Structures are given as structure tokens and as C-alpha cells.
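Number of protein chains: 2
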Amino acid sequence: MGAINLNSILETHLETIKTKGGDVLHGLKKTDLGYEGFGEAYFSRIESGLIKAWKKHNSMTMNILVPLGEVRFVFYFINPDGTENFLVKDIGVSNYVRLTVPPGIWFGFKGISQSLSLVLNIASIPHEPNEVDRKNIDDIKFNWS
Amino acid sequence: MGAINLNSILETHLETIKTKGGDVLHGLKKTDLGYEGFGEAYFSRIESGLIKAWKKHNSMTMNILVPLGEVRFVFYFINPDGTENFLVKDIGVSNYVRLTVPPGIWFGFKGISQSLSLVLNIASIPHEPNEVDRKNIDDIKFNWS
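These protein sequences, in sequence, are chains A and B.
No gaps in the numbering here: position 43 of the first sequence is 43 in our numbering, and each next residue is one more.
So our numbering is basically just the index in the second sequence, starting at one, shifted up by 1000.
Honestly, the hints are just simulated from the structure, not real lab data.
Take these hints with a grain of salt, some might be off.
Label-pair ranges, simulated between beta-carbon atoms [unchecked claim]:
1) B:T1016 x A:I137: 50 to 60 angstroms
2) B:N1079 x A:N7: 17 to 27 angstroms
3) B:K1030 x A:S48: 51 to 61 angstroms
4) A:K135 x B:K1030: 20 to 30 angstroms
5) B:P1080 x A:A3: 57 to 67 angstroms
6) B:Q1114 x A:H127: 30 to 40 angstroms
7) A:I17 x B:T1019: 51 to 61 angstroms
8) B:V1093 x A:D81: 41 to 51 angstroms
Since the structure is predicted, the reported quantities are computational estimates derived from the model, not experimental observations.
Glycine residues also receive a C-beta, built at the ideal position from the N, C-alpha and C atoms.
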């Protein structure tokens, strides 16, 4: 495996299967590219227009899905030469993909649907406060609007 | 492990953590009672008032969560002596629990929220059509209304 950077984030198209009574939405299979083991699955609600930023996991690989609403994910990385990069991904019901995010990348997200959005993270390890770094939203300059 | 019956269905209270911008909802940890391995995670949408029934998994353990809306799950089991049992569980945002359902139990579900509900199944094995039995809704008599 090469060095981690923003190119290490994997985007995978997910199927939505038309079903009477309500569609079935694929998520993650253990045989899928991007599966790095199961530690914990949990949801984050994100309200319209609100932002949660910034966090960096140092051990966890995240597999992120948005089965309700639309969410803007912003990823931030400082290269070894000191240059900075941002990657912006709008995902949700209208762009139903899974993002696989390796450890070592700062991220934040914003609800960009008119109503509530829901993020599922299928994490490779259980939640562990000691492997998370946090910054205040203003500590990394990004134009969220 | 004893024989499977409706008493084998495990109900686990899940935490909702108040968080600025949108709450965090626990789902499943690999160390939780009821975790039987990770095969696949997928969502089923269920529209208000609609019913999906009946299915029985012969190998899969389901871990079922409802992070949006409210869903009535109905479980059906024929005992070795031929007697029948039903178990009804209304779960969702107002009763945020996880149901762990071992293989061998018939189930159906109905959207009982005013709007769309979302079911997450964290399944112990990937989807495999050959391990699923199906019946038409009328094949098992239950008063859904």
C-alpha cells in the first residue's frame, strides 16, 4: 500500500433495487473493495445547513453512506511537502455512493438537503476516543457556503 | 445454544447521543451481544402503511435497526408441537432498539410512521437467495391493521 493522501479515498457506486413497498439500498458487503473489517456501525444525523468539523481518525477506516438526504463531505490533507489539498464530495440519495476513507485524513460534513440527512459509518474498529484528533471548524479554513 | 423460537429474538436498547448539528445513534459493535459476524449491511425503505411479508432466513442472523420513522415487525414461528406463535415489535426513532433475529423465524414488516421509514439490517452473511424462504402475505394469517 502506498502513502495515504486524498487519492486514497475510494468512491463506490451502490445499487438501489426497486422493491414494492420501498426500495432496497445496498451498503457494504464483506467481499467489497474497501471493506477493512467490522468494528462498529453508527449513524450521525446532520441537520439542514449545519456543519460538523473537523475530525481525523488515526486507526479507523470509515465506510460512509448517506441513505437519507444529501451531505457535503470535505476532506483535507497536508502533503509531506507542506502543500494542502481539499476534496469535496456531495453524496446522498441523488448520488448514492459509498466513500471509503482510510485513517489519517481530516474531514468535516454539512447537511445540504432541505431536511434532515443521515450518515451511516461502518467503521473498521469500534469507537475509541484516543484514536481521534479534533480541530475547531475555524482551524482549517474552508468556504462551506 | 437451545432450540430457536420467538424467545431467541434479542432486543437491545441503543444510545442516542445528543450532538450539536445532529445526534449520533449507536448501531452495532463487534463486542455487542447479538453480533454474529459481518456479512453485509443494507437498507430497506418502507413506505407509510405498506407491508413487506413474509421471509425466513435459514442461515442469516439479522441485526435490525430503524434510524428513521417507525416500523412494526411481526415474527412468526411454528413450534415443534405444531402450535403457532406471533411476536410483534414496534421499533424506530421513538423506541430506538436493535433486534437480533436468529435464522429460522418468519418475519414481515410494515411502515407505521406518517412518512418513509428506513430499516438497516447488519447481516451475519452476505445476501444469498438460496438461504431465503418466502411466502405470500396471505399465506400466514395476521391482522396487520
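Here is what the structure says about each hint:
One distance hint, 50 to 60 angstroms for the beta-carbon pair B:T1016 and A:I137, is violated here, with the actual separation near 23 angstroms. Distance hint for B:N1079 and A:N7: a CB-CB separation of about 57 angstroms, inconsistent with the stated range 17 to 27 angstroms. The hinted range of 51 to 61 angstroms is not satisfied by B:K1030 and A:S48, whose Cβ atoms lie roughly 33 angstroms apart. The hinted range of 20 to 30 angstroms is satisfied by A:K135 and B:K1030, whose Cβ atoms lie roughly 29 angstroms apart.
For the pair B:P1080 and A:A3, the supplied restraint of 57 to 67 angstroms holds, since their beta-carbon distance comes to about 60 angstroms. Separation of B:Q1114 from A:H127 is about 33 angstroms and conforms to the stated range, judged on CB atoms against 30 to 40 angstroms. Checked against the hint of 51 to 61 angstroms, the C-beta distance between A:I17 and B:T1019 comes to roughly 32 angstroms, which is inconsistent with it. Between B:V1093 and A:D81 the C-beta distance comes to about 47 angstroms, which sits within the given range of 41 to 51 angstroms.
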